[in-house]
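Based on these hints, arrange chains E and W on the given structure of chain B.
Chains as they are written, first to last, in this note's numbering: chain B, 1 to 286; chain E, 1 to 362; chain W, 1 to 382.
Watch out, some of these pointers could steer you wrong.
With a cut-off of at most 20 Å between alpha-carbon atoms, the simulated SDA-like pairs for lysine to any residue come out as follows [as the list claims (entries may be wrong)]:
(1) W:Lys79 x E:Ala220
(2) W:Lys79 x E:Gly43
(3) W:Lys382 x B:Ala241
(4) W:Lys102 x E:Gly43
(5) B:Lys109 x E:Leu324
(6) B:Lys109 x E:Gly43
(7) W:Lys374 x B:Ser244
(8) B:Lys109 x E:Pro193
(9) B:Lys109 x W:Ile48
(10) W:Lys223 x B:Pro119
(11) W:Lys102 x E:Pro196
(12) W:Lys102 x E:Arg51
(13) W:Lys223 x B:Lys109
(14) B:Lys109 x E:Ile195
(15) W:Lys102 x E:Pro61
(16) W:Lys374 x W:Gly348
(17) W:Lys223 x B:Ala241
(18) W:Lys79 x E:Leu59
(19) W:Lys374 x B:Gly172
(20) W:Lys223 x B:Trp4
(21) W:Lys102 x E:Pro193
(22) W:Lys222 x B:Ala241
(23) W:Lys146 x B:Ala241
(24) B:Lys109 x W:Tyr262
(25) W:Lys223 x B:Gly124
(26) W:Lys25 x E:Leu324
(27) B:Lys109 x W:Gly348
Everything labelled a hint here was simulated from the structure, so no lab data went into it.
Every value quoted in this text rests on a predicted model; they were computed, and no experiment measured them.
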Amino acid sequence: MEDWIWTTLVRALAFGTPILLAGLGEIYAERSGVVNLGVEGMMAVGALAAFAAAQSSGSPYLGLAAAVLVGALIALPFAVASITLRANQYVAGLALTMLGLGLSGLLGKPYEGAPLAHPLPESGFVVAALVLAVVLWFFLRHTFTGLVLRSAGENPETVDAMGINVYAVRYGAVVFGGAMAGLAGAFLSLAYRPSWADGITSGLGWIAVALAIFAAWHPLKAVGAALLFGALYHLSYRLQAVVSPEFLKAMPYLFVVLVLSLSALRRGPSGAPEALGTPYVRGERR
Amino acid sequence: MRRIGPFLVEKDLVVPAGRLLAVSSAALLMAFFAAGLVFWAYGTSPVLAYRTIFVETLLSPSGFAEGVRRAIPLLLAGVGLVLAFRGQFWNIGAEGQLLLGAVAAAGVALFAPVPAALKLPAMFLAGFAAGGLWAAVPALLKLRLGVNDVLTTLMLNYVAVYLVEWLIHGPWRGRTAFGFAYTDRFPEAAMLPLIPGTYVHWPTLALALLLAGAAWFVLARTAWGYPVRVTGDNPEAARYAHMPVFWVVFGVALASGGLAGLAGVGEVAGVHGRLLGAYQISLGYGYTAIIVAWLARGNPLGAVLTALFMGLVFASGDVMKVALQMPFRVTDVFNGLILFFLISTERLLYYRVRWAPERKER
Amino acid sequence: MRKGFWVTLVVLLGALGFAQGDKLKACWIYVGPVGDYGWSHAHDQGRIAAEKALPWLETQYVESVPEAQAEAYIDRLVKQGCEVIFATSFGYMDSVLAAARKHPDVIFAHATGFKRAPNVATYMADFYQLYYLNGLMAGALTKTGKVGYVGAFPIPELKRHISAFALGVRTVNPDAEVLVRWIYEWYNPAAAKEATEALIAEGADVFAFTEDTPTVIQVAAKKGLPSFSHYSPMKRFAPDQVVSGQLVHWEKIYIDFLAKVYAGVYTNKNLQDVDYWWLLPQGAVELGGAYGEPVNPKFAGALKAKKLNHPVFGEISVYDLVMKELALMSDVELAADPFQGPIKDRQGKLRVPAGLRLTKHELETMEWAAPGVKGPWPNEPK
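Pulled out of the complex, with its shape left as it was, chain B reads as follows:
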């Protein structure tokens, strides 16, 4: 029995790592008031950038750097559209997903079919993800910048009144989210399955979006949520003879709906940043 629990835990950690990484980034973006549904697209280009850089240079660390950079870069047009141009964030996020998947699939053609010469160990990423979760929680909760970030999502007027540029804060959070998504993608192509293939993200970006909500935008709870989702995915294969795998795979999404409904019922501070999804306009009353 212990063996069962241990293996499930290990696999849950491994599968949960990319969704945790991307989910943490999404938590930051959403805490600042911006919903970024483009995680899947950012992950995909991050994965490709990581593989391409690592394969051509021989250094997987260069691949890591490339992924983070590319993830951050591709989040920029989304940030411009949703923050400065005040376009509908949800639709902009969808566009980003389409673009990210399309670009990575298109430009990744030359890299298909070859194994990565020097892959990275999964455990490095797992540890990094857990450490990041703690650091990011601390940052959000106990630092001034974290407070500013949270306020940008709850009550941007106060941030403005303090003389801080709300737009800059949101840009920073969104770009950070992109960098984290890129890192998650790097995990996929450098450690989890060291190679590049179109579709390597297989919906993990969407689970990361679900994770951010399910974890009530709390970085530490996100760890638990990632473990839960990871365990469900692993178990769907382990228990294949007994339980319908589709049921287990649908669970994360049902959980999100459940959590959203329950927290709305409680009517207490559900944790959703007040200004989530609403573009900020200086001087205008919301």
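What follows is chains E and W alone, placed relative to chain B:
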């Protein structure tokens, strides 16, 4: 009001059709330009690419018919989304509602003891109901509990996908499918007729056009449409005027879910003839329908044009695959760029530019 | 003068023959991307090889064609001048037949299918012999007695492969088990990875699979566990852990078929009974994880060391057994076959009587599981 050289730019919330067309066209042109850059990066000449697309989709009858065929589910789902967005119900779940419609249609086609002549109508009704139901859940959660509808509709998309997968691997697995993941083929009575020489299943097309017209009529001319429009433009005013906001939102949710469900029926009864893997059925129609509705800017009749446009974009993706040997992902790039530029230029719609050169004060 | 006349006649006829069909255009539709290094990749390699070998051949391909869109794509290809179309997935069956009716002048060939028409042939290069040989090796190498198999869909093609594999495993190790997990997709690296991990957790220590990526090999290799390559030479993904595998040479079929079409032997009217069921004797399939290497030399020692008492060959090492059976199965007369009776299925029911073998039809519609197979087996006959 701002002055930029000889131009006066002022905010203008009333958007005339001319400006709408101009801004939308500018956005599309920018998208095409950006896509051209991507083609060039990939190694294909953009000029050649666009010329091939133009010839194969607009000038070729079979290519155009393919565009029309793709437009059918886009139109149905798109009209539904126009209604939903007008009523402030942010339905991102058309993909899932489409799948539910397909499931209901397959269930009726394969298992319901309905006489042959009534099979197709029964399938459409069942599809509408199933899709509507799938949208009703997020709608109720939004209305009664204030739960964000974007997120709930999005999550239910995935639940719908796994529902389909479960059915085709398990209880509904086809006996003639040799273990592959399909149901059996639908009986003849449950298959939609096609326009000869094409793959266009015309009953669904006719239904789509009819419903687009009906939606416009209801919105613009009837007593039911008025509350929808007011709720959409100014929810506070609607509540103040004691308009039945609940029924407005619930109504548009059901309608948009039902219409997406009809699109699903059309796909399985007119294109596939069986229930198959979720991603084979929906092919991203649900998400593209959002673009269709967005471009239509709240007018169901506009959706006819925008659905045809996006259908041609889809068809051009096929052309690029076959004639230009580009990978299938090229369609996603196109769609993403178009959507991106459309929403980015949204704000330009609300500004009016006037020619007013400064006169030198004497 | 006479001689000159005949020479001229031959040259003229030859020139006529050339002018009549100077170029033949053949097109392929693939269900996945050619970069998958699996099924679609292998077909594309076949196409490339055929194009190299036949100077009069012109080719084109479209990848990732969803099964439901096949007919529309075929129409396009026909418009582009394709005279022969190869449809490389079972799911294209209905579309191919419909397209064949619509375009009676075009020649079609459907891989893994079983419905034919005057202008539709079917073809398959099957692995069941190779899987048996792989099974012999797996049975010798497993230390836990549990061999893992990650399968895509529970269709007859995979079922016969897994059963052949299990029969091989049990020949060497009568108590061993083959644990099966299905991922319900041809291509899903994450699913393949987690399924493999689940099997490792259950104790499996040797792996084979049907999934269009080398994921299973990589996952097993990380733990130092041996595996068998599938379809493409995947040994390069883990040179120290890939023991052997199944390789395909689709070009053998493509070259044969296209040459016959070009010469007029196969036309759009006489394909009703043309069905390629090509195995080792025709060279359409090859044992190994890399071309030209049936067994990875790193494992030759272990396989030679393991000996068993074979009912036919007596005391023999697994290595020699594999080589012997390989030679027999490559014989045109098929001197040996994995499904040589008597064989009972895993529920104890007799499926192949003594002295008989499974017919091609029985192989194509096989639903039962060989003894030793453990795991979900949808559609198992009572």
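We went through each hint and held it up to the structure:
no.	hint	verdict
1	W:Lys79 x E:Ala220	45 Å, violated
2	W:Lys79 x E:Gly43	25 Å, violated
3	W:Lys382 x B:Ala241	18 Å, holds
4	W:Lys102 x E:Gly43	35 Å, violated
5	B:Lys109 x E:Leu324	15 Å, holds
6	B:Lys109 x E:Gly43	12 Å, holds
7	W:Lys374 x B:Ser244	17 Å, holds
8	B:Lys109 x E:Pro193	39 Å, violated
9	B:Lys109 x W:Ile48	18 Å, holds
10	W:Lys223 x B:Pro119	14 Å, holds
11	W:Lys102 x E:Pro196	12 Å, holds
12	W:Lys102 x E:Arg51	28 Å, violated
13	W:Lys223 x B:Lys109	30 Å, violated
14	B:Lys109 x E:Ile195	38 Å, violated
15	W:Lys102 x E:Pro61	17 Å, holds
16	W:Lys374 x W:Gly348	14 Å, holds
17	W:Lys223 x B:Ala241	25 Å, violated
18	W:Lys79 x E:Leu59	14 Å, holds
19	W:Lys374 x B:Gly172	53 Å, violated
20	W:Lys223 x B:Trp4	18 Å, holds
21	W:Lys102 x E:Pro193	16 Å, holds
22	W:Lys222 x B:Ala241	26 Å, violated
23	W:Lys146 x B:Ala241	17 Å, holds
24	B:Lys109 x W:Tyr262	33 Å, violated
25	W:Lys223 x B:Gly124	17 Å, holds
26	W:Lys25 x E:Leu324	17 Å, holds
27	B:Lys109 x W:Gly348	49 Å, violated
This entry does not satisfy hints 1, 2, 4, 8, 12, 13, 14, 17, 19, 22, 24 and 27, going by the numbered hints stated previously.
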